[in-house]
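Model the full assembly from the supplied sequences, consistent with the hints where possible.
Numbered according to my numbering, the sequence shown spans residues 137 to 407.
Honestly, the hints are just simulated from the structure, not real lab data. The structure displayed is predicted, hence computed values, not measured ones. Among the hints, a few may not be true.
[Stated by the list, open to error] Using C-beta positions, here's what the derived DEER-type ranges look like:
| id | residue 1 | residue 2 | range |
| --- | --- | --- | --- |
| 1 | 354 | 277 | 43 to 53 Å |
| 2 | 227 | 182 | 20 to 30 Å |
| 3 | 182 | 325 | 22 to 32 Å |
| 4 | 315 | 345 | 14 to 24 Å |
[Unchecked claim] Straight-line C-alpha distance at most 20 Å; calculated SDA-like pairs for lysine to any residue:
| id | residue 1 | residue 2 |
| --- | --- | --- |
| 5 | 352 | 364 |
| 6 | 279 | 252 |
| 7 | 279 | 297 |
Just so you know, even glycine gets a beta-carbon here, dropped at the ideal spot from N, CA and C.
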Amino acid sequence: MGVGAYATAIITTRYGLSPWIGLPVGLLATAFVAWTLGLVTLRMSGHYLPLATIAWGMSLFYIFGNTPALGGFTGITDIPPLSIFGNQLTSPRQYAYLTLFFLAIVVTLTAFLLQSRVGRAMRALRGGPVVAEAFGVNNFRMKVEVFVVSALFASLAGWLYAHSQRFVNPTPFGVNEGINYLFMAVVGGINYILGGIFGATLITQLRELLQDWLPKLLKAQGNFETIVFGILVILIFPLPALLLDPTFRRFVLASFAANRTAAMPILYELA
137 MGVGAYATAI ITTRYGLSPW IGLPVGLLAT AFVAWTLGLV TLRMSGHYLP LATIAWGMSL
197 FYIFGNTPAL GGFTGITDIP PLSIFGNQLT SPRQYAYLTL FFLAIVVTLT AFLLQSRVGR
257 AMRALRGGPV VAEAFGVNNF RMKVEVFVVS ALFASLAGWL YAHSQRFVNP TPFGVNEGIN
317 YLFMAVVGGI NYILGGIFGA TLITQLRELL QDWLPKLLKA QGNFETIVFG ILVILIFPLP
377 ALLLDPTFRR FVLASFAANR TAAMPILYEL A
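Written as structure tokens, this is what we have:
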């Protein structure tokens, strides 16, 4: 997302080119960065993989902030707004319509991708490397492709963000924002296309409510909403797996039937 935002910011402010040229430039730059990082990182497994991706995110954050050509931590200002048929999109309502238009495109492309042969191979990765290889999938190559496709969608979001705010600095592309995106994905459901939309909407609205009400309730200032989000992730993340587990369903049915004799062995089996 940061690469896409900074790419269009440089293209439009330093070279005076159209923001619509900044979009393909940002996509190309992001694809190259994602492909390079994917080749280096995606052979890892276990906890090393998420740690490596967090490390790359931190590295890019400090690269943005410590590169004078990118404006340092001050950032790049005076980014021109998007223009359609000579009409500049400076109204939040107008920009919201444009964002929804691109969101519909992304959802449609993702749906078609997942229904294709390549998409079925991508879904096979969720079953583990052995399952994917049994279907003839090159695991490493497919992981890199998924990584690049995801990065391209993020780059599009960065392009929209840059021309909406008309200012970029490293702050929106740090680890904290990455954690917020994780919350959105987990709460919405990572196995569903519309889950990201639902999670983003819910978390954004919930964050605004918590930022207003928690300081009043606790009579103190702080990022208390982060604690609430962490608790939500701990509670919600295993919930889909439990609901789909037949043993867990048998335990719930036995418990509702008030049959403790039948429920206790099932609980032991589930544990």
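Outcome of the hint check:
no.	hint	verdict
1	354 with 277: 43 to 53 Å	holds (50 Å)
2	227 with 182: 20 to 30 Å	violated (48 Å)
3	182 with 325: 22 to 32 Å	holds (24 Å)
4	315 with 345: 14 to 24 Å	holds (19 Å)
5	352 with 364	holds (15 Å)
6	279 with 252	holds (16 Å)
7	279 with 297	violated (27 Å)
Violation of the numbered hints given earlier is confined to hints 2, 7; the remaining hints are satisfied by the structure.
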